[in-house]
Amino acid sequence: MFRMIWIYQTFYFIFLFASVYSECVTQIYENTYFQGGDLTTVFTPSANYCQIVCTYHPTCLFFTYLPVTWTKDPAQRFSCYLKDSDTEMLPKVKMEGAFSGHSLKQCNIKISACSPDVYVGLDMQGVNYDVSVADSYQQCQKRCTNDKRCHFFTYAPGTYHDASFRLSNGHF
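Heads up: the sequence shown runs through residues -22 to -1, 1 to 150, numbered per mature numbering (1 follows the signal peptide of the UniProt record, and there is no 0).
Hints listed in this document are in silico derivations from the structure and should not be mistaken for laboratory results.
Be aware that one or more of the hints could be misleading.
[Unchecked claim] Only pairs whose alpha carbons sit at most 25 Å apart, straight line, appear in this in silico SDA-like list of lysine to any residue: (1) K70 / S57; (2) K120 / S93; (3) K120 / I30; (4) K120 / Y107; (5) K120 / A25; (6) K50 / N26.
[What the hints assert, rightly or not] Across the chosen pairs, the derived CB separations fall in these ranges: (7) E8 / K126: 32 to 38 Å; (8) N86 / T49: 34 to 40 Å; (9) V96 / G14: 31 to 37 Å; (10) N124 / I87: 22 to 28 Å; (11) D108 / T65: 38 to 44 Å.
Just so you know, these numbers come straight off a predicted model, no measurement behind them.
From the three backbone atoms N, C-alpha and C, an ideal C-beta is built for every residue, glycine too.
All chains should be modelled from the sequences, with the hints used to inform the complete structure.
Shown next as structure tokens:
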């Protein structure tokens, strides 16, 4: 009888422990940086998109996002730091302007990796591998959506600050 109770208590503890660490956490923490556990850095237009990238990454459990307002250094703007931890926890450090959160892997929600959002006035950093003429940002967005190598696009209308892109209208 004692052995049976011990077995039930052990299983109860294991399931309780597993449920705590399998909890879906959707909250994004403002002015917070998760210290350590860096896997890789990517560039994303928002903290929410950074969370989606973390969710689709095979080992990412946490992320920290630094928006354009965080620094004057263009190389660090829109930085999305993907993070992991053997203990499934990382220290939270107060950092003004930073956003941090958890992967949504444990959440039972449908997430689309394709973002329909358009960011007016933003030219995403990275390597341009195609430059072509487009009549509208919608046409440029459609081309990017249908190209598996394209992650972001920039549509440059006639008023765009870089004359070399004004001539071509779109690049991705």
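Against the structure, the hints:
no.	hint	in the structure
1	K70 / S57	holds (18 Å)
2	K120 / S93	holds (12 Å)
3	K120 / I30	holds (21 Å)
4	K120 / Y107	holds (16 Å)
5	K120 / A25	holds (24 Å)
6	K50 / N26	holds (22 Å)
7	E8 / K126: 32 to 38 Å	holds (34 Å)
8	N86 / T49: 34 to 40 Å	holds (36 Å)
9	V96 / G14: 31 to 37 Å	holds (35 Å)
10	N124 / I87: 22 to 28 Å	holds (26 Å)
11	D108 / T65: 38 to 44 Å	holds (43 Å)
Hint check: no violations occur; every hint is consistent with the structure.
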